[in-house]
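Asker: With the hints as a guide, bring both chains together as one complex.
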Amino acid sequence: MDNASPVRVTGLFKDESKAAAAIKSIRKSAWKLADVHGPIPSEMISQALAVKKSPVGWFTLVGGIIGFITGYLLAAFTSLRWELIVSGKPVMAYIPFFIVGFEFTVLFSVFGNVVGLILTMQLPAYRDLPGYSAAASGEDFAVVVACADAEKDSVQTFLANQGAKIETGH
Amino acid sequence: MEKLTYAEIDNTVLNTLEPPTRMYWTIVTLLFAGVVVGFACWTYQILLGIGVAGQNNPVNWGTYLINFVFWVGIAHSGTLISAILYLLRAEWRNPIARAAETMTVFAVMTAGLFPFIHLGRVWMVYYMIPIPNQRTLWPNFQSPLMFDVVAISTYFTVSVLFWYTGLMPDLAIVRDRATGVRKKVFRVLSLGWTGKYEQWRHYSRAYLLFAALATPLVISVHSVVSWDFALGVIPGWHTTIFAPYFVAGAIHSGLAMVLTLMIPLRKIFHYERIITGKVLERVAQTIVLTGLIVGFAYGTEQFIAWYSRNTVEMEIFRFRAVGGFALAFWIMVICNTIIPLLFFFKYFRTSIFWLFTISILINIGMWYERYVIIISSVAHDFIPHAWGQYFPTWVEFGIMLGSFSLFFFLFFLFVKHLPSVSMTEMKEKVHEEAAHG
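So the sequences go chain by chain: A and B. Residues 1 to 170, numbered by the working numbering, are exactly what the first sequence covers, in order. Residues 1 to 437, numbered by the working numbering, are exactly what the second sequence covers, in order.
Extracted from the complex, chain B is given alone in its bound form (with noise of 0.2 Å):
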């Protein structure tokens, strides 16, 4: 492949700075109109009351839920694009690490709002922070709902402050080039970064210990999160699998993301040359490992329930298969570990159309994974008695419209106004590539 030169990288980022098309902004428009389609479902049940929402007895874990794990595990990725495969100088991370962890900040705030949505009476919140209060509430940190708080806020501000210190040295190339208004945003936003060698010097140690401090996090964050579920005694959920099965799937359904994000914004701004095939089929070959993670353990928990010979267990892992719920569970198995092997053929993962297609695919089987895991189990625990089905109501639909309009929405206007591949990531390496022939 033709070797870029350090000027081709910062003009080909800069140049998606530009003044956008119409095109752009109705997007744009059209992705806002959907943020405020969820916003004006939230209020409505925030004034009448969380009953409209269609969770109710046995399942009053909907589509807040689903959507909450989906989006946390869409963050994943994220993180591990940007902080262990960079502990493992894998140099195929570096052109699309910067609109990963951007990924990562967004659905990190996408699924924030899901708690507090799924609060109902969200003006308590604050019991849930470790405040005094006139009655002396405090939290119960042996919750693991409020390991979660604790583990989410956490993943929240480490990602932000990760993805801010990445970006320093881009904004001060940013900010070199422009003139006006536009300067004096980017002068403030670079903190007077100017690539001195003692800033390097300090910058280079941080964010090594960045990347460390990240890798741990990010797998105990959606251990924690699996955790609400293992913790509970609930038929289906209540099995020590959950933690790696949950790093593994999100991870999965993280880089699933990954490609879809990154193949239109390789077409549309040109970045063929920076995001190329090579890296995309890198990705594909990382999501045929993922995927064979998840089919291990989706195998395993069948296993688990046959082997205990526990009546319930097996009694939820056989409806899920068979019973109500047998097309979620099939598109979630077909989609999540069969469809991914297609990536094993060199042509299904150097094909753009295929490897946009598989991704889309894989995304839709690990939400309806997070379907099948938290409504069936409530749909069908112990007693057959309380068995039942469940539908969201159109208010769910609007918020669950809404969050997914919230992540595209705030990811277009990343792209038109920061630079979406980290420029001095790329010119490292180019410059490990010259130094090693």
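Chain A extracted, bound-state conformation (with noise of 0.2 Å):
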């Protein structure tokens, strides 16, 4: 995606089935799909665009072994730094550590999901998005395609066809 294009034109698509055709279609071309944006996730505008499955998985699952790993360790060094033996129990309890472990587990793979959301978002994001347009957020699917001034008027051309009310901007 091409994003010092100097023109982007935004198609808005009530219909997300014209909305992925577009997409197909600005796939195939010499045009550049900038973004597509949209109300809610939709499984046909994701197959158009074949995006791959979410890396965030691995974040989340990389927090929750380190958080096993902490909660025991940590209900365990706390135990040893005490060291009383009561009614000649052992001093390490690993089954009710495990309780500890497991809430950490829980802890850090939200900690890790969060972290993996942000990082591959890449948000906060606070600068203005060319070509984004608040209809995107309501009730259309908005796609933007970059191109050059020269070719605005054949990108806008196509898109209407398509079915899309047009939004230009620089």
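FYI, nobody ran anything at the bench for these hints, they're computed from the structure. All values reported here derive from a predicted model rather than from experimental measurement.
Pairs of lysine to any residue residues, derived as SDA-like cross-links and limited to a Cα-Cα distance of at most 20 Å, are as follows:
#1 A:Lys14 to B:Lys429
#2 B:Lys183 to A:Pro130
#3 B:Lys429 to A:Met44
#4 B:Lys183 to B:Leu17
#5 B:Lys183 to A:Asp128
#6 A:Lys53 to B:Leu87
#7 A:Lys52 to B:Ser204
#8 B:Lys416 to B:Ile263
#9 B:Lys429 to B:Thr276
#10 B:Lys429 to A:Ser17
#11 B:Lys184 to A:Leu123
#12 B:Lys346 to B:Leu292
#13 A:Lys32 to A:Ser46
#14 A:Lys14 to B:Val430
#15 A:Lys53 to A:Leu119
#16 A:Lys14 to B:Arg177
#17 B:Lys183 to A:Leu129
#18 B:Lys184 to A:Ser133
#19 A:Lys165 to B:Thr5
#20 A:Lys14 to B:Ala7
#21 A:Lys14 to B:Ala435
#22 A:Lys89 to B:Ser143
#23 A:Lys52 to B:Tyr197
#24 B:Lys429 to A:Ser46
#25 B:Lys183 to A:Arg127
#26 A:Lys53 to B:Tyr197
#27 A:Lys18 to B:Ala434
#28 A:Lys53 to A:Gln122
#29 B:Lys184 to A:Tyr126
#30 B:Lys184 to A:Pro130
#31 A:Lys14 to B:His436
#32 B:Lys184 to A:Ala125
#33 B:Lys183 to A:Pro124
Answerer: Written out as structure tokens, the structure reads:
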């Protein structure tokens, strides 16, 4: 996706299937598909964009493993710092420590999930996004095409023919 | 039913964020006054000592622990609706998921105050945190009370992050339609969400993982709360049924609170087309299921006591049913197991009046369930010489008033300042329905 192109043409689609068809056509053409925005996640559009599975799960997994080890070791460490034998029972209580390990697993998995989400989505991002239309958070699927100024009209015509309402911006 | 458009969903929800009426501020002020009363009572207790509360020998776990368990229980249904039903693809959850998640966050916040209050010397709280101190005192992670600290703080953190992640697309909708300072505030809050498909790709995955992680967490948290009791040797507490029994009870009370909150919310904000009668009916049907599980647990407890032939165990269960705690016990049984059965009849689960009334009765019953479990066991344990009674003092009543006021105060602020129904999830629901005819 080429963000440096001088002109962005945004086509707003009410119908996701039309948006998906337009995306497929643009991907096959010489134009650059800059962005696609939508009010909901759409399987049809994801397929048209041929998006891969998100790697967020790996962050979650790593977080979970670190969490379990941290929780278990913390419980073990604090017990060993006391080393007080009560009723002849061993100081290291392996089974109850599993509960602490479990809670830490969930906590750190979620931390991993959030860190993964922030890194992969590159948020926070407060700069105005070229071609972003507020209608995309409401009810429309916005297909943003980056093109040279000379090609603007043909992109607009193409998107309009596909059933889009056109918005332009630099 | 007439189909909603995306624009109608946005308009209905965004209308709730319009400047509030004088009535709203009056209610908020009254609730804030309740919070002040609660904090004043707590301050009084801190200054004079825990003795001003009615907790003493033999009952040293009074309303503070009752309310702690009650609020943790209320929290659980939010996670049930937002996470478990999400994984089960129950589409009726969508209109109420946001409010239920918010209920979870505020209920855990309220619950989290009670261990501090019960601690008495609240400044000693750092002993529960695993940090090195001058006397090398470390928390004992073999204690269920420490499991509690870990579980509740994990639950609170996870609930807040889950709630905020779910809010992001909606915050962007508010940002795109707001002006002035409000736009700036929502711009910061939405973190620059634009609904790019690159964002949806990661968001959908992360949300699914959140739900998958929250599901075992919610079960573990109330199990851990139950182990506070079950790992003690007190008759009536020391039982293996406590974990599933507490989890079922938590969801039962939480669902009732969902109805208690949703019915006025629906009426005040004209959410009738979003939070439909069908959605409330589904909640009522789920309450029938949880009510039956809770009823089964009550019966099993009695059976275990009888089957064990343990004199002390048998005595406490006899005492609960026909002794000094009989009134509380029967309020618990009738409100939690008999009354919810009315939802078997379509008339009751489709009548707003009955839905609301029964939800209130279940809330009362569930509060009494915790009262019966906590108070009756320690008031009537092994040695008749040590038996005693308990009645909360005005300090405890004040703090209890404060806790209820705090919960509703926060919820009232939320519904007027943030989207109380997930617009995105509602659109997904409409989209699903359109796709499947």
